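Asker: Read off the chains here:
Protein chains: 2
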Amino acid sequence: MQAYSIFIERVKDIHRLGALQGHMGWDQETLMPMKGSEARSDILSWLAAERHNRLIDPEMGLMLDSLEQDKTLNDDQRANVREMRREYDKAVKLPSEFVASFAKAKSEALLSWQKAREDSDFSAFQPQLEILIAMTKEKIAYYGGQDNPYDMLLDEYEVGMKVSDYDPLFAGLRSRLVPLLQKITIAQETNPDPVLPDGLRFSIESQTEFCIKVSKAMGFDFDGGRMDASTHPFSAGLWPGDTRFTTRFDELDPFSCLYAVMHETGHALYEQGLSKDFSLTPRGAAVSLGVHESQSRFWENQIGRTPAFWSIALPWFREHFPDAPDWDPTTLNRIANTVSKGFIRVEADEVTYNLHVMLRYEIEKKIFNEDLPISQLPETWNSMFKEWFGVKVPEDRVGCLQDIHWSMGAFGYFPTYTLGNLYAAQLLESMAEDLGDIDEVITSGDWSSLLQWLRPRIHEQGSKMTPSELIEFATGSPPSPEPFLRYVEGKYGSLYGL
Amino acid sequence: MQAYSIFIERVKDIHRLGALQGHMGWDQETLMPMKGSEARSDILSWLAAERHNRLIDPEMGLMLDSLEQDKTLNDDQRANVREMRREYDKAVKLPSEFVASFAKAKSEALLSWQKAREDSDFSAFQPQLEILIAMTKEKIAYYGGQDNPYDMLLDEYEVGMKVSDYDPLFAGLRSRLVPLLQKITIAQETNPDPVLPDGLRFSIESQTEFCIKVSKAMGFDFDGGRMDASTHPFSAGLWPGDTRFTTRFDELDPFSCLYAVMHETGHALYEQGLSKDFSLTPRGAAVSLGVHESQSRFWENQIGRTPAFWSIALPWFREHFPDAPDWDPTTLNRIANTVSKGFIRVEADEVTYNLHVMLRYEIEKKIFNEDLPISQLPETWNSMFKEWFGVKVPEDRVGCLQDIHWSMGAFGYFPTYTLGNLYAAQLLESMAEDLGDIDEVITSGDWSSLLQWLRPRIHEQGSKMTPSELIEFATGSPPSPEPFLRYVEGKYGSLYGL
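Taken in sequence, the protein lines are chains A and B.
Going by numbering that gives the first Met the number 0, the first residue of the first sequence is number 0, and it counts up by one from there.
Going by numbering that gives the first Met the number 0, the first residue of the second sequence is number 0, and it counts up by one from there.
Please note that the accuracy of each hint is not assured.
It does not matter which identical chain is used: a pair holds within one copy or between any two.
With a straight-line cut-off of 25 Å between C-alpha atoms, the simulated DMTMM-like cross-links for lysine to aspartate or glutamate are [unchecked claim]:
(1) 34 x 220
(2) 92 x 433
(3) 34 x 222
(4) 103 x 8
(5) 103 x 56
(6) 275 x 249
(7) 34 x 120
(8) 215 x 28
(9) 34 x 276
(10) 215 x 37
(11) 385 x 88
(12) 34 x 459
(13) 364 x 402
(14) 490 x 107
(15) 89 x 69
(16) 11 x 56
(17) 11 x 96
(18) 89 x 56
(19) 275 x 37
(20) 103 x 197
(21) 182 x 37
(22) 34 x 8
(23) 275 x 488
(24) 114 x 220
(25) 114 x 197
(26) 391 x 222
(27) 490 x 433
(28) 340 x 8
(29) 215 x 346
These aren't lab readings, by the way, just hints derived from the structure by calculation.
On a predicted model such as this, the values are computed, not experimentally measured, just so you know.
Same shape as in the complex, but just chain A (with noise of 0.2 Å):
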């Protein structure tokens, strides 16, 4: 046991040194000033390569090999070896240079997307995108990824999911959702949405007020985390007892930031239930991308999109924003589930959010697997989204401009949205046979038996299995699409009398 105890504290000072890395990170994004940029990139690069040079310390495997013999470890710390090989196995493939420079590259190519995003500009950024593609085409190379580079990116933020996995179940999502969509658009002619009214205004001090309401009443501990705001809404479960999201305000349309409220403290819930005791090492830490998705997701469309929400929160909302028409429930949750050809992905609809996300999948496959030229990475996002949604891109701000992940250096990453998705609609599902009918909860005002549900079956299992093996623990069934379809087309065919 000595061996693990010596192990575990290498561990956490890894975490630690992540930790650090996140919080840097989450002050960048909301609170640092402008001239601060050049001394961040400089420590955040400073903490990637402390970070990966006690991760590749020889030691590190020399102590992974032998604990991988010990049969006297629990499930527990079997985790924390398990996980940490995985991460010590890719590590040691890149040199620490790499590392620092990678880090450094993508914290420059926040900044110049953040500007370019922001005057629309494409070109601004483009340089910026290209070293970081340049980059993860080098990091594949040193993973010895080439036959297929694309499925190494994959598998990182989704262990286990290749573009062999990723094809099929997106081919047989699109199957459903595009005649679904297209019976929508019809219904939408004779039977239209409700829309905002012209130049109202909602004031992010109501707003801020309102949100924070709706975070209580899903279970966010305010004494644990912040809620602060930010160009792109994100939470970051920095440290034990706290965990901090991120909204955003548009005064003209206060659905932006309810829902990227609901969705950012879906993720953070996750976060503030994570076991305390395996605090800094990965047995206390999130399972993966797309379990962390079903989270937000969940809270976001399962929970906040429906009438029984709003049968809830509209009192709530009438006393911020007293000035709104006199909406009922019925319109305001068709507003909040409009299905639109929208350009936003954060903003879209549950029936096309998902092939938001394949247009970006069929991307970054173009990209790491067929060379696709980055020139001309506007060019082709607009010509796919004129084909799948019928309409034109009018400015790189709404199209290949508008996500953060790729300044981020985040590629593969897009496709555990549409896992969350489906994890969602399945943990939907199994509550619904425990809890009895989900809209009778919800209308009842006290939400904590669905907290109360997800943290042991989830939240509380941290990486204790993989992404599917917890799916399979929580619900009784592996991952499967079959729940979120019976999700939408009930749901939507409810809302547009299909």
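With chain A fixed as given, assemble chain B onto it according to the hints.
Answerer: Just chain B now, kept in the frame of chain A:
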């Protein structure tokens, strides 16, 4: 030169860890949610140990030995060797475990102090304070400063200053300040100070806007820094291009916030003016607390508490506080300079401020040189305060619990505040010789020549010289209390018509 480059890379790593400590400390004071405190103690303690381990690395000692013999180093490089030698010599005497547990104890004491001060309950803070003092005595023992233990602490905050320096200095000041205070008290009977009207509220939003305007006029660059709120105002030169300061708000008293902001902006201007060419090394860092305090006190008092300042700030004041009485600059200046036997050091006027400092100095001397039992601290404080100020302290919140310093283990720190006052007055006299009448500069509304005078003489010099060398470099004379006594007697003589 290669030896120096390797040395400086290590020095930068040590400073990176110090900057991370500073950042996590800033975050703890301004934003951190309550439940994050345990993890914050952990990371602060870990960073302290990491920093310490790098400092005491035997290779650092060998490098210093060798670089001290290197005749090719220039003055800047020699300053880095000199300052790192001092840090190294102290650090090698402290065991790493001690450093880590001291950092942890400080972080816990800080939280305990916050609560104790809120409840005005010294007994709630006493156990943590006893631990800190016991550990500080342990530290003194490690340093080998048993003869006059308090000297070790004084030297940590202002190199070269000892009890044998402060005792006569303070006695001399007291012999002129106490009679001045008596004369003022008598004058106040026939010439009472104007007061803030009862119950008038100054909104936090307006105070924020007004104070940001003043801070900008002083020259603070908000693109390279921020202002936030915290219990105890402080400033932190966290990273090049990222200097943050804090203030506090009292809705009944806008002067509390204003002068905290002018004070902290003074500190922050020093940090923003340090030479970026020497970032993350002592040469690029502030030289001492006394010099730092001279910058804050210069702006707060020599500039901010003058009729000239109020002639410029009055229109801003009227704009942001339209409900305030129709005061003129003279009245506002009298309010800002009201001499009172108040309880709170940070709100004290320039006549009593140094008496507050001396009280803490005498108590610290008792604690470290005479083993005063900590349970007697409130009683000792209160009886000395009664003796010196003639007033009874009603509760510990405004007595021995008022300052953050002891909860941070900063014993020996307070006397540097008085040094700051002395240096500031000396800088003002010297500045007037170069720029002419300073009141005229202030009244012009363009204060850039003041900052431009300080930049090359103080800020850009970093730690190139020792504190007293620097004051002589800037003013042409070694440090002396006379300019301060001339200043304070002249100013208050004219204010109260003595």
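Asker: Hints first: check each against the structure and report whether it holds.
Answerer: Going down the list of hints, with the structure as the test:
Taking identical chains as interchangeable, the C-alpha atoms of residue 34 and residue 220 lie at most 25 Å apart only when they sit on different chains, with a minimum of 9 Å there against 33 Å within one chain. Proximity of residue 92 and residue 433 under a CA criterion of 25 Å is satisfied in neither setting, with 46 Å inside one chain copy and 62 Å between copies. Within a single copy, residue 34 and residue 222 get their C-alpha atoms only as close as 31 Å, which misses the 25 Å cut-off; across copies the closest is 6 Å, which meets it. Proximity of residue 103 to residue 8 under the C-alpha cut-off of 25 Å is restricted to the inter-copy arrangement: shortest distance 18 Å between copies versus 28 Å within a copy.
Within a single copy, residue 103 and residue 56 get their C-alpha atoms as close as 22 Å, which meets the 25 Å cut-off; across copies the closest is 28 Å, which misses it. In this assembly of identical chains, residue 275 and residue 249 lie within 25 Å of each other by CA distance neither inside one copy nor across copies; the values are 36 Å within and 38 Å between. Proximity of residue 34 to residue 120 under the C-alpha cut-off of 25 Å is restricted to the intra-copy arrangement: shortest distance 22 Å within a copy versus 43 Å between copies. With identical chains, the CA atoms of residue 215 and residue 28 are at most 25 Å apart both within one copy (23 Å) and between copies (24 Å).
In the homo-oligomer, the alpha carbons of residue 34 and residue 276 lie at most 25 Å apart only across protomers (15 Å), although the nearest pairing inside one protomer, at 39 Å, exceeds that limit. Taking identical chains as interchangeable, the C-alpha atoms of residue 215 and residue 37 lie at most 25 Å apart only when they sit on different chains, with a minimum of 23 Å there against 37 Å within one chain. Taking CA atoms no more than 25 Å apart as the test, residue 385 paired with residue 88 passes in neither setting, with 42 Å inside one copy and 69 Å between copies. In this assembly of identical chains, residue 34 and residue 459 lie within 25 Å of each other by CA distance solely across copies; the values are 18 Å between and 40 Å within a copy.
When the C-alpha separation of residue 364 and residue 402 is checked against a cutoff of 25 Å, the pair qualifies only within one copy, where the shortest distance is 17 Å, while the shortest distance between copies is 60 Å. With identical chains, the CA atoms of residue 490 and residue 107 are never at most 25 Å apart, being 43 Å at best within one copy and 52 Å at best between copies. Taking CA atoms no more than 25 Å apart as the test, residue 89 paired with residue 69 passes inside one copy only; the shortest distance there is 22 Å, against 44 Å between copies. Taking the shortest alpha-carbon separations for residue 11 and residue 56, both the intra-copy value of 14 Å and the inter-copy value of 22 Å come in at or below 25 Å.
For a Cα distance limit of 25 Å, the shortest separation of residue 11 from residue 96 qualifies both inside one copy, at 23 Å, and across copies, at 17 Å. For the identical chains of this complex, residue 89 and residue 56 are intra-copy neighbours only, at 13 Å inside a copy versus 31 Å across copies, given an alpha-carbon limit of 25 Å. For the identical chains of this complex, residue 275 and residue 37 are inter-copy neighbours only, at 11 Å across copies versus 35 Å inside a copy, given an alpha-carbon limit of 25 Å. In the homo-oligomer, the alpha carbons of residue 103 and residue 197 never lie at most 25 Å apart, since the shortest distance is 43 Å inside one protomer and 55 Å across protomers.
Taking the shortest alpha-carbon separations for residue 182 and residue 37, neither the intra-copy value of 51 Å nor the inter-copy value of 55 Å comes in at or below 25 Å. Taking identical chains as interchangeable, the C-alpha atoms of residue 34 and residue 8 lie at most 25 Å apart only when they sit on different chains, with a minimum of 23 Å there against 36 Å within one chain. Taking the shortest alpha-carbon separations for residue 275 and residue 488, neither the intra-copy value of 39 Å nor the inter-copy value of 60 Å comes in at or below 25 Å. Taking the closest pair of Cα atoms, residue 114 and residue 220 come within 25 Å of each other only across two copies (20 Å); inside a single copy the shortest separation is 34 Å, beyond that limit.
When the C-alpha separation of residue 114 and residue 197 is checked against a cutoff of 25 Å, the pair qualifies neither within a copy, at 29 Å, nor between copies, at 49 Å. In the homo-oligomer, the alpha carbons of residue 391 and residue 222 never lie at most 25 Å apart, since the shortest distance is 46 Å inside one protomer and 38 Å across protomers. Taking CA atoms no more than 25 Å apart as the test, residue 490 paired with residue 433 passes inside one copy only; the shortest distance there is 21 Å, against 78 Å between copies. Taking the shortest alpha-carbon separations for residue 340 and residue 8, neither the intra-copy value of 51 Å nor the inter-copy value of 54 Å comes in at or below 25 Å.
For the identical chains of this complex, residue 215 and residue 346 are intra-copy neighbours only, at 23 Å inside a copy versus 39 Å across copies, given an alpha-carbon limit of 25 Å.
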